[in-house]
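> Construct the entire structure; sequences and hints are all you get.
In this text, residue positions in the sequence shown follow the working numbering: the first is -5, and each later residue adds one.
Keep in mind that the hints were calculated from the coordinates and are not lab data. Incorrect hints may appear among the rest.
Unchecked claim - Lysine-lysine pairs mimicking DSS-like chemistry, simulated, CA-CA at most 25 Å apart:
1) Lys27 with Lys(-3)
2) Lys27 with Lys46
3) Lys46 with Lys63
4) Lys72 with Lys46
5) Lys72 with Lys27
6) Lys27 with Lys63
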Amino acid sequence: MEKRFPEHSLFYQNGENSFGGIVTIIRRSIPAKIIDICLPNVCVLDLVLGEKVRIIGMYAPESKSWNWKDLTNLISNKCIILGDFNVDMNNDTQSSEALLEWADACSLAPCIPDAATSVRSDHTIDYGLSNGVPFSIQTYKGGSSSDHKPILSTLSCGRDEQARRKNTHWNVISLFLSYVFKYWQEV
-5 MEKRFPEHSL FYQNGENSFG GIVTIIRRSI PAKIIDICLP NVCVLDLVLG EKVRIIGMYA
55 PESKSWNWKD LTNLISNKCI ILGDFNVDMN NDTQSSEALL EWADACSLAP CIPDAATSVR
115 SDHTIDYGLS NGVPFSIQTY KGGSSSDHKP ILSTLSCGRD EQARRKNTHW NVISLFLSYV
175 FKYWQEV
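Written out as C-alpha cells, the structure reads:
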C-alpha cells in the first residue's frame, strides 16, 4: 500500500472482528510517531506541528471489547479523536448520551460533518471529538466502495508556510479508498 502513497506514512492497528483494523495516513512532511497501545481498532499518533497534537483514529463497532473510558488515558491536552463511532448523535439517544457524557468529562467537543456518513441510511456515525485543536471536517463526496462516506479533516495548527500551501489531492484519496476497501475484504 505504501507504494501507492509514496508521500504518506501509513499507520495500522489490528482490529478484533472480521472487518480488520484501522489505517491512518499522514503526509510524510508531518513528523508522526505511533504510540504503542493494546486497544484493538484504535491507532494513536503524536504529530509535531509546532506543538504536539495527538490524533486518535478509531473504529468502534457495537461488539468492541473496550468502552469510551478506556480511551481517557490516551487523551492529551491537544487531541483529536476521529473515526467511526457507530453512534448517531441525533438519533441514537442512549448511546449518544453515554458518549457525550464521557466526552464532556474529558473536555472533548464534537465536530460533525454537514452530511450523513452512512451510505445505507441518513445517519452520521463518523465524526471527530477535540479539545483545544481547531479542525474542520467534511464528508468525502467522491466514489467509494465502502458502506461509509469517508471523513476528511484539516487541522488548524502551527505549521510552516510551505506545508500550509499544500493541496489535497482528491484523486489520491479516491484511489486510497478503493484500495483499502479491497484490502479489508481480503482480511
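> For every hint, state whether the structure bears it out.
Here is what the structure says about each hint:
| no. | hint | result |
| --- | --- | --- |
| 1 | Lys27 with Lys(-3) | holds (20 Å) |
| 2 | Lys27 with Lys46 | holds (10 Å) |
| 3 | Lys46 with Lys63 | holds (22 Å) |
| 4 | Lys72 with Lys46 | holds (7 Å) |
| 5 | Lys72 with Lys27 | holds (15 Å) |
| 6 | Lys27 with Lys63 | holds (23 Å) |
No hint from the list above goes unmet by this structure.
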